[in-house]
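As given, the protein sequences belong to chains A and B, one line each in that order.
Counting from 1 along the first sequence, just add 185 to a position and that's the residue number in my numbering.
Counting from 1 along the second sequence, just add 16 to a position and that's the residue number in my numbering.
There could be a bad hint or two in this list.
Using 20 Å as the maximum straight-line C-alpha spacing, the simulated DMTMM-like pairs for lysine to aspartate or glutamate come out as follows [as the list claims (entries may be wrong)]: (1) B:LYS259 <-> A:ASP311; (2) A:LYS327 <-> A:ASP311; (3) B:LYS135 <-> B:GLU218; (4) B:LYS259 <-> A:ASP301; (5) B:LYS135 <-> A:ASP402.
Residues of chain B clear of chain A, computed beta-carbon distances all greater than 10 Å [said to hold, decoys possible]: (6) GLY49; (7) ALA52; (8) LEU159; (9) ILE169; (10) PHE174; (11) MET236; (12) VAL291.
These aren't lab readings, by the way, just hints derived from the structure by calculation.
Beta carbons: idealized from backbone N, C-alpha and C, even for Gly.
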Amino acid sequence: MILINQIVQGVLLGGYYALIAIGLAFMFSVMRIINLAHGSLAVLSAFALFALADRYGVSPFLGLAIVAPAMGLVGWGLQRTVLERSARGGLLVPVLSTFGLSIIIDNLLFQGFGADTRSLAPYIGDLSFDSWSLTDDIAIGKLAALTMATAIALIGALHLFLMRTQIGRAIRATAEDPDTVGLVGVNPRLVNAVAAAIAMATVSIAGAFLAMRATFDPYAGALQLIFAFEATIIGGAGSLWGTLIGGIVLGVAQSLGALVSPQGFFIAGHFAFFAVLFARLYLTDLGAVLRRALIGAKPA
Amino acid sequence: MSQRAKIAVERWTPESRFAVVAAALALAALAIGPEAFSANAVDKLTTLFIYVILAVMWNALVGFCGLVSIGQQAFFGLGAYAAVRLANSGFGVYPGLFVAAALVGLISLPLSVIMLRLKGGEFAIGMWVVAELAHLFVNLDPLIRGETGTSLIELDAFAPDARRALTYWCALAAMACMLALVFALLRSPLGAAIQAIRDNEEAAESIGVRVERAKRLVFMLAAFGAALAGALWVATALTFQPKAYFSPLWTAYMIFMALVGGLGAFEGAILGAVVFFLIEAWFGAAGVWYLVGLGATALVFALAFPRGLWGWVEERTALRLLPIGYRLLGADAREAARPPGAG
Numbered sequence: 186m187i188l189i190n191q192i193v194q195g196v197l198l199g200g201y202y203a204l205i206a207i208g209l210a211f212m213f214s215v216m217r218i219i220n221l222a223h224g225s226l227a228v229l230s231a232f233a234l235f236a237l238a239d240r241y242g243v244s245p246f247l248g249l250a251i252v253a254p255a256m257g258l259v260g261w262g263l264q265r266t267v268l269e270r271s272a273r274g275g276l277l278v279p280v281l282s283t284f285g286l287s288i289i290i291d292n293l294l295f296q297g298f299g300a301d302t303r304s305l306a307p308y309i310g311d312l313s314f315d316s317w318s319l320t321d322d323i324a325i326g327k328l329a330a331l332t333m334a335t336a337i338a339l340i341g342a343l344h345l346f347l348m349r350t351q352i353g354r355a356i357r358a359t360a361e362d363p364d365t366v367g368l369v370g371v372n373p374r375l376v377n378a379v380a381a382a383i384a385m386a387t388v389s390i391a392g393a394f395l396a397m398r399a400t401f402d403p404y405a406g407a408l409q410l411i412f413a414f415e416a417t418i419i420g421g422a423g424s425l426w427g428t429l430i431g432g433i434v435l436g437v438a439q440s441l442g443a444l445v446s447p448q449g450f451f452i453a454g455h456f457a458f459f460a461v462l463f464a465r466l467y468l469t470d471l472g473a474v475l476r477r478a479l480i481g482a483k484p485a
Numbered sequence: 017m018s019q020r021a022k023i024a025v026e027r028w029t030p031e032s033r034f035a036v037v038a039a040a041l042a043l044a045a046l047a048i049g050p051e052a053f054s055a056n057a058v059d060k061l062t063t064l065f066i067y068v069i070l071a072v073m074w075n076a077l078v079g080f081c082g083l084v085s086i087g088q089q090a091f092f093g094l095g096a097y098a099a100v101r102l103a104n105s106g107f108g109v110y111p112g113l114f115v116a117a118a119l120v121g122l123i124s125l126p127l128s129v130i131m132l133r134l135k136g137g138e139f140a141i142g143m144w145v146v147a148e149l150a151h152l153f154v155n156l157d158p159l160i161r162g163e164t165g166t167s168l169i170e171l172d173a174f175a176p177d178a179r180r181a182l183t184y185w186c187a188l189a190a191m192a193c194m195l196a197l198v199f200a201l202l203r204s205p206l207g208a209a210i211q212a213i214r215d216n217e218e219a220a221e222s223i224g225v226r227v228e229r230a231k232r233l234v235f236m237l238a239a240f241g242a243a244l245a246g247a248l249w250v251a252t253a254l255t256f257q258p259k260a261y262f263s264p265l266w267t268a269y270m271i272f273m274a275l276v277g278g279l280g281a282f283e284g285a286i287l288g289a290v291v292f293f294l295i296e297a298w299f300g301a302a303g304v305w306y307l308v309g310l311g312a313t314a315l316v317f318a319l320a321f322p323r324g325l326w327g328w329v330e331e332r333t334a335l336r337l338l339p340i341g342y343r344l345l346g347a348d349a350r351e352a353a354r355p356p357g358a359g
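Let the sequences and hints guide you as you build the complete structure.
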């Protein structure tokens with residue numbers, strides 16, 4: 186029963202990882218950039234929500250109505266000032282520039298808010314600890330369920346947006362070939378800025394759940410980036426629904442690892458990441474070898 | 017057309033011959049450091065030597081081979097850990113520093129098989145995951161006692177002055193060896209192959225460069241260098257706290273040094289290490305704002321001056337002190353060097 190409970194909790198934890206991974210995967214698939222400041226930006230939103238709740242008594246959910254558009258603007262500005270220039274500089278520059286950006290954000294947050302760990306849990310009432318009991322051993326936290334539901338809803342909404350709307354189609358076309366879309370009247374710079382704004386709006390939602398479900402501090406971004414990255418890669422880089430699968434795999438691996446030892450939580454998560462990576466690399470190789478063997482076996 | 021005969025390939029210039037001899041003499045002169053300088057200066061210089069190793073190794077990996085890694089702290093931390101472990105098991109502390117680095121270099125071989133299949137940003141963060149994993153494993157060792165850490169207590173066997181001098185000489189020797197090794201490597205045919213991979217991996221492979229072998233060699237060399245720096249660091253700092261050694265801040269320092277000095281220029285990394293050392297000495301006390309400044313400087317250099325300070329010097333003076341490339345000479349050299357169709 187403990188095992189089943191751990192798996193259930195792991196799946197629910199996967200909802201949070203999917204949520205944090207969506208923005209990273211979205212940016213990667215559209216702009217081919219891995220934003221190393223991703224985690225720090227999520228923590229920045231968490232602090233913004235915390236400041237609103239702490240100083241002005243704004244509930245986190247209401248606060249998102251302010252922070253999400255604000256983060257969208259941040260994304261827009263970031264794309265225009267940093268990411269666009271970086272992407273032109275080749276593969277190296279985006280990694281270096283966004284890592285520099287993450288150091289700036291982390292330390293400015295430290296300067297502004299100090300080293301204390303914070304949480305939004307006190308501002309959401311019963312939601313932080315309420316749960317539904319399924320059996321004596323298995324309980325589903327309401328917040329965890331809400332996180333999962335939000336992840337699914339957000340991915341679904343983004344999917345519909347990309348498939349059904351004009352700007353969604355423009356984003357997909359720009360992702361395919363930013364040079365050619367210019368020929369058919371799409372402004373790739375504008376489209377990428379919109380995509381960055383959307384990605385950052387999703388990051389603010391992830392930041393809200395990060396802050397509600399646990400504690401965070403100014404340097405919490407690095408770990409969030411790693412979780413987001415692992416979920417993205419496990420799910421198949423750049424696929425939105427993949428982040429949900431990747432998040433769940435990561436969450437289940439972690440909660441099973443936690444059964445072994447406290448550090449087992451992180452170790453098992455990283456191992457799951459490498460196992461999937463390794464399997465994918467070598468299974469593709471195996472496929473290629475088999476194909477070659479079959480083709481080679483044919484008479485010339 | 018007849019002018020083409022006048023074109024020659026140049027590797028050494030009078031300035032560069034002078035610079036290499038001067039650098040060798042300077043390194044030799046630094047050996048008397050512990051006799052001549054104050055204890056504080058000796059400690060500071062030891063730190064500088066370690067920064068130079070870090071900068072040169074990261075520059076070899078990123079600037080020359082095009083492999084951006086955010087996880088070199090994995091090797092830095094493992095090198096320090098291996099040094100602590102070896103000393104604890106009765107191995108001589110100072111020889112142990114070099115053996116520790118060699119062990120970590122060996123570990124990086126199987127790691128390279130998996131990691132080098134990742135590209136670009138995936139490799140960068142994948143290495144970070146490696147560092148996290150290495151950190152967690154080191155924490156499991158009872159000797160380290162989790163984040164509490166431990167000390168290199170075996171160094172207590174030396175008198176403080178002797179210890180300071182020995183650590184200084186080890187760091188100086190390590191730096192000199194790594195500089196000579198990377199310089200020789202980059203001037204060898206393999207060096208040209210490595211830079212060809214950075215510029216275009218597929219094209220390099222198509223003209224017969226053994227891409228995988230070359231990348232693996234640089235990856236292992238960079239791992240060895242970072243581990244050596246980590247082992248030396250624990251010999252100067254005396255304490256080993258996993259969190260401090262496996263911190264991505266080390267990679268931030270390496271990025272800063274290589275970027276500001278000049279990514280892909282051999283002289284650049286050395287210059288970057290000196291600049292970083294001075295900035296740390298002047299502004300390190302500013303704490304958080306100092307780190308914000310480092311991040312901002314790295315960002316600005318990445319976006320606006322990707323060739324760094326040394327790139328700026330080279331552009332203006334055509335000065336090449338430690339030449340690793342080739343230059344075309346002759347009346348028509350500029351024409352010949354220009355790609356066709358460039359006007």
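Hints, verified against the model:
Between LYS259 of chain B and ASP311 of chain A the alpha-carbon distance is near 35 Å, which puts this suggested pair outside the 20 Å criterion. A C-alpha spacing of about 9 Å is found between LYS327 of chain A and ASP311 of chain A, which places the hinted pair at or below 20 Å, so the restraint holds. Our distance criterion of 20 Å between C-alpha atoms is met by LYS135 of chain B and GLU218 of chain B, whose separation comes to about 13 Å. Among the hinted pairs, LYS259 of chain B with ASP301 of chain A is consistent with the structure: their alpha-carbon atoms are about 18 Å apart, no more than 20 Å.
For the proposed pair LYS135 of chain B and ASP402 of chain A, the alpha carbon gap of about 31 Å is over 20 Å, so the pair is violated. With a closest Cβ-Cβ approach of about 33 Å to chain A, GLY49 of chain B is found to remain outside the 10 Å limit, as its non-interface label requires. No beta-carbon of chain A is positioned within 10 Å of the beta-carbon of ALA52 of chain B; the least distance is around 37 Å. Every C-beta of chain A lies more than 10 Å from that of LEU159 of chain B, the closest at about 16 Å, which supports listing it as non-interface.
With a least CB separation of 25 Å from chain A, ILE169 of chain B remains clear of the 10 Å interface cut-off, as annotated. Every CB of chain A lies more than 10 Å from the CB of PHE174 of chain B, the least distance being 35 Å, so the non-interface label holds. With a cut of 10 Å on Cβ distances, MET236 of chain B stays outside the contact zone with chain A, its closest approach being about 19 Å. Under the 10 Å C-beta cut-off, the non-interface status given to VAL291 of chain B relative to chain A holds; the minimum distance is some 16 Å.
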